[in-house]
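Could you fit the two chains together into a complex? Lean on the hints.
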Amino acid sequence: MRTFLSYCRRNPQLAVGLIMFLALLLFWLIGPLVIDTDDARPMSALPDLSPSTEYPLGTDSTGRQLLPVLLQGTLYTLQIGLIAGSVGLLVGIILGFSAGYFGGILDTIVRTGADVILTIPTLAVLVVIASLIKDRLDPQNMAAVIALLAWMWPTRTIRAQVLTLRERPYVEIARLSGMGDVKIILKELLPNLLPYLAASFVGAVSAAILAAIGLEALGLGPQTDPTLGMTIFWSIYYGAILRGMWWWWAPPMAAISYVFIGLFMISWGLDELANPRLRRAA
Amino acid sequence: MSLGYVIQRLLIFLLVIWVAMTLIFFLPKLVPGRDPVMERMTMLMASGGIQAEGITRMVEAYRSEFGLDQPLFVQYLRYLSNMIRFDFNYSLAQYPTKVLDLIALALPWTIGLLSVSVILAFILGSLAGGLLGWPKTPRVYGYLLGPFLLMSSVPFFLIGLLLIYVFAFKLKIFPIGGGSQFGQLPSLSPSYILDIVYHSILPASAIVIASLGGWALPMRGMMITTLGEDYVILAQARGLPPRRIFFQYAMRNALLPQITSLALSMGTIVSGSLLVEAIFRYPGIGSLLFTAISAFDYFTIYGVVFFIILAIALATLIIDLIYPLLDPRIRYQKQ
Chain R
1 MRTFLSYCRR NPQLAVGLIM FLALLLFWLI GPLVIDTDDA RPMSALPDLS
51 PSTEYPLGTD STGRQLLPVL LQGTLYTLQI GLIAGSVGLL VGIILGFSAG
101 YFGGILDTIV RTGADVILTI PTLAVLVVIA SLIKDRLDPQ NMAAVIALLA
151 WMWPTRTIRA QVLTLRERPY VEIARLSGMG DVKIILKELL PNLLPYLAAS
201 FVGAVSAAIL AAIGLEALGL GPQTDPTLGM TIFWSIYYGA ILRGMWWWWA
251 PPMAAISYVF IGLFMISWGL DELANPRLRR AA
Chain Y
1001 MSLGYVIQRL LIFLLVIWVA MTLIFFLPKL VPGRDPVMER MTMLMASGGI
1051 QAEGITRMVE AYRSEFGLDQ PLFVQYLRYL SNMIRFDFNY SLAQYPTKVL
1101 DLIALALPWT IGLLSVSVIL AFILGSLAGG LLGWPKTPRV YGYLLGPFLL
1151 MSSVPFFLIG LLLIYVFAFK LKIFPIGGGS QFGQLPSLSP SYILDIVYHS
1201 ILPASAIVIA SLGGWALPMR GMMITTLGED YVILAQARGL PPRRIFFQYA
1251 MRNALLPQIT SLALSMGTIV SGSLLVEAIF RYPGIGSLLF TAISAFDYFT
1301 IYGVVFFIIL AIALATLIID LIYPLLDPRI RYQKQ
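So the protein sequences, as listed, match chains R and Y. Quick note: the first sequence uses the numbering used here, first residue 1, plus one each step. Quick note: the second sequence uses the numbering used here, first residue 1001, plus one each step.
So here's chain Y without its partners, still in its complex pose (with noise of 0.2 Å):
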């Protein structure tokens, strides 16, 4: 992997967060005169709601720290650099907490539950895709994926209410959200790491199963294109055993497509799963942002939304990082 390659993508993950940053910060700013986080703080003030005095300190910190008498330039600047360095204040909702603290605590459930189900439902999405690409796969299958196609087009969160009613309220063979049992401290031990995994089953299948067929229908087309080429031919002549075909001549290169897909929906990705933890009461980052919107918590919105994007950035930048390794053609363009 060359170097002018990494320097590039490296600048480019700094432009798309700085563009983030700026966008959330100056669009908010053409709704007309008004400035609701204030708003909001002297309305908890007025109803005495926490602790008087701890309003009245994030009210002279709010001012103070982004400069509110300031020209709109120098307000800018201290965005930025609180953003970059972390700070996002205070939670308006539970005060003495700080807003990275509360994303500290969330954000394992978060990567755990989006790590195992977005790689799994690549995997299998794109094994169903090229099987059904692959002219000696029986026809059954075919109509087995579509109503995953179907499903896919749906968002996420829709198919994580379906599973709730059916698999939880109905049958009962599931919990009915939430992270690990109630009142259960976090522990390693055996027990613990189990219930963790049997509370997240539901809403990981329910990102699986909605985004399978998104991942299967490009990946059909894919590799239907790539047994036409050359080399897939060759290899059949020579006699090689299909399975050597499929794996290694057909799905390698018909993947390539699929992994720039995946770097450009990780947005959508990472939003629709944000609602199924919002759905299920799963204690991550949605769940955060949920009931955070709920309690007008603009600096717990605002830390938690700029951790997406930094996320959704990071895993696009280690996928372009990874691409080249992948693909040969890309490494030796330059050279």
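Just chain R, with the same shape it has in the complex (with noise of 0.2 Å):
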């Protein structure tokens, strides 16, 4: 802890990006208390108040009280980032890592495939697949849409590093003292990777609620949940910005802006850690 503590002094972006988690970990836990989440429905109250001592974030055109929203659309957007990016991170390492290791045949067709998927503009693509289940999205299964397509850089970036640790010494060694391959995987190359494959992770987690975020800011997200990037998509919808109802479209972009920037922060951090030559730089 002592280590963490000084070794964080040292990489306040860090620091910094695991705060702004902390700090969204408690609202989560301790929102649901205070704040009942029924209460993000539509209906839940009279349309178009303003900000007040009894709705604290007021209400929206269909009678939502936005504090509630507020709470529940953090959750459903994490959510929805840490599905897809799990899943992406677990494809890219399995992978990555057999590509890496393995070299021929294999490494030239993931290569190539990752490589030619990257090119093609994943929200393009996602476009078409949400529009035509839109009346059936729910945060679940968005999760899963985007994970189709949230692989191709972990798998990239993970193949390049084990290319570079598979030639390494203490490898060869464990190679010649007849180590087998998936316990060399396991034990030699995945442990050396942590750092690098949690940075992966935080990209994967936060290139999936851009995606996410992205849809939503289209429509195609869950129509009856009210995920953040749907509340500023209806926000759009019924004028909010021309009514003067800033309160209906400023908390969640706030909170968008809140989870990246903490994202941003935790990844750039993780980079210095997982890469300490960026260090003589800084």
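Don't take every hint at face value.
Unchecked claim - Just the calculated beta-carbon pair ranges, DEER-fashion:
| # | chain 1 | residue 1 | chain 2 | residue 2 | range |
| --- | --- | --- | --- | --- | --- |
| 1 | Y | I1193 | R | Q140 | 46 to 54 Å |
| 2 | Y | T1022 | R | L190 | 31 to 39 Å |
| 3 | Y | S1265 | R | I173 | 37 to 45 Å |
| 4 | Y | K1172 | R | P42 | 40 to 48 Å |
| 5 | R | E54 | Y | T1225 | 56 to 64 Å |
| 6 | R | P195 | Y | L1325 | 18 to 26 Å |
| 7 | R | G239 | Y | G1146 | 28 to 36 Å |
| 8 | Y | Q1236 | R | G244 | 52 to 60 Å |
| 9 | R | L25 | Y | Q1248 | 45 to 53 Å |
| 10 | R | F102 | Y | L1072 | 29 to 37 Å |
| 11 | Y | T1225 | R | P169 | 24 to 32 Å |
As the list claims (entries may be wrong) - Which stretches of chain R does chain Y cover? Using the computed rule of at least three CB atoms under 8 Å from a CB of chain Y, they are:
| # | segment |
| --- | --- |
| 12 | 78-91 |
| 13 | 234-246 |
| 14 | 252-260 |
What the hints contain is simulated information worked out from the structure, not anything from laboratory work. Because the structure is a prediction, the values reported are computed rather than measured. Note that CB positions come from ideal geometry on N, CA and C, so glycine has one too.
So this is what it looks like as structure tokens:
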């Protein structure tokens, strides 16, 4: 713990990012005790009320209370990001390790596949899929849709790292002493790549949230569950800006920015942890 | 530039287009047992919203063109050939109009807005990053860039929302949205062009502000690395003017990786800008996609998505082809 704290002093980005997420976690844990998330449903209050002591963030045009919406929405949005990001990372680990370690034709296929699909704008493909199942979208299957195209970047970066590790002397020794391939991957390579994996996990989560928010801003999100992006979409749809209802779009916007800035800080910090050579430049 | 390189890049370009089209064709088929396009058309027919005759003809065209009674493989080939010929069928929402015509109307707006703002952000961001990595730059500029760095991690359209609220709704300096004054006929008159520029300032600023930091941060790192190179030290030892060292020795070399990442992040930038268009009701591809989605206009969605993919692949190809001209190491690699 002590070494961790002293490390955080050297790496303030990581500390700031982690504190931001701890605060979010607290909001998550304490929020539902104070705020009734049932109030996030339409018609839970009179529509179009500005913030007051009774409704701290006011209500929208369908009578949702916006503070519960904010709580619920942050939860959903993080949930989508974490699910899609985990799936992306898992596929990336499997493909990246097998391609980087075994090489050969498998490597060629995986590398070309990931590179080609990376050039395709993810959002465009997701728009097609999501628009066909628009009426059945909920946070879970939204995460599933996004996970379909969340694996390329992790695959690519993990493969590149495995390639450089594969030829290290300690891997060579493990191989010569008769360790099996799977065991080498799990015992020698994986532990050494943990900081990288953490960094690509954060990257994958943040890319997944970006994709989710993008789809939602186009109206391609859960039609009834109040995610952050959908709240912004509805506020645009009902012309909240021109009606001066800042309390409708500003809080979800702040929440989205908060999440992204927190993720950005963590990934910046992890980058430095995983890549000590950057320290000289800083 | 060797011929082999050009051919290799062209092949990758074609591969990207083919893979994208295949994904778009097969992924929706994973959704079990429905044809939302047919459902939507039947719904339109039942409600009699638009000319019933038109819809009937469209249903027939859809059936025969995509050969829905045929095996999946035949459908796939038909779909590929339709897409390559830019035949996207009629718009479901604006019936007698073809999807291609809608795209042709929207495309110039998007290309204009995107090219100006992306190039501007790239130049400004790289310059700012270069200056930050340059030891003689006053510290103050570093703090100025901080907010931009944070904003680069936020989606473009959120910055757009904020700009609309502050500059269009509160201060009323700029129009709330749209591409030009309502009711004005397009012409080449100076007042019309001025009007277009006036309407594009806010959306363009949103894109520039949101992407500037993303160019500055890696550029700063590259600049620091480049400044440690022998040729820069030699240039300093020779007593060359700092301005010349900065631009011709350091910036020029540090820019190369930036151009690679421009090619890599094309998709993200374009997707982000499409959303900016949508919230500004800017009459480009993004708004077309936005309205098509809310009207369940599947043919338009497919057409627009295909065009976006094509445009990004094309932009990547162009950057790939320009790159060897800038970096002789690639030019001579194979020889």
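Now for the hints, and whether the structure bears them out:
no.: 1; hint: Y/I1193 x R/Q140: 46 to 54 Å; in the structure: 49 Å, holds
no.: 2; hint: Y/T1022 x R/L190: 31 to 39 Å; in the structure: 33 Å, holds
no.: 3; hint: Y/S1265 x R/I173: 37 to 45 Å; in the structure: 40 Å, holds
no.: 4; hint: Y/K1172 x R/P42: 40 to 48 Å; in the structure: 32 Å, violated
no.: 5; hint: R/E54 x Y/T1225: 56 to 64 Å; in the structure: 57 Å, holds
no.: 6; hint: R/P195 x Y/L1325: 18 to 26 Å; in the structure: 38 Å, violated
no.: 7; hint: R/G239 x Y/G1146: 28 to 36 Å; in the structure: 34 Å, holds
no.: 8; hint: Y/Q1236 x R/G244: 52 to 60 Å; in the structure: 57 Å, holds
no.: 9; hint: R/L25 x Y/Q1248: 45 to 53 Å; in the structure: 51 Å, holds
no.: 10; hint: R/F102 x Y/L1072: 29 to 37 Å; in the structure: 33 Å, holds
no.: 11; hint: Y/T1225 x R/P169: 24 to 32 Å; in the structure: 28 Å, holds
no.: 12; hint: 78-91; in the structure: violated (count 0)
no.: 13; hint: 234-246; in the structure: holds (count 5)
no.: 14; hint: 252-260; in the structure: holds (count 4)
Hint check: violations occur at hints 4, 6 and 12; the rest are consistent with the structure.
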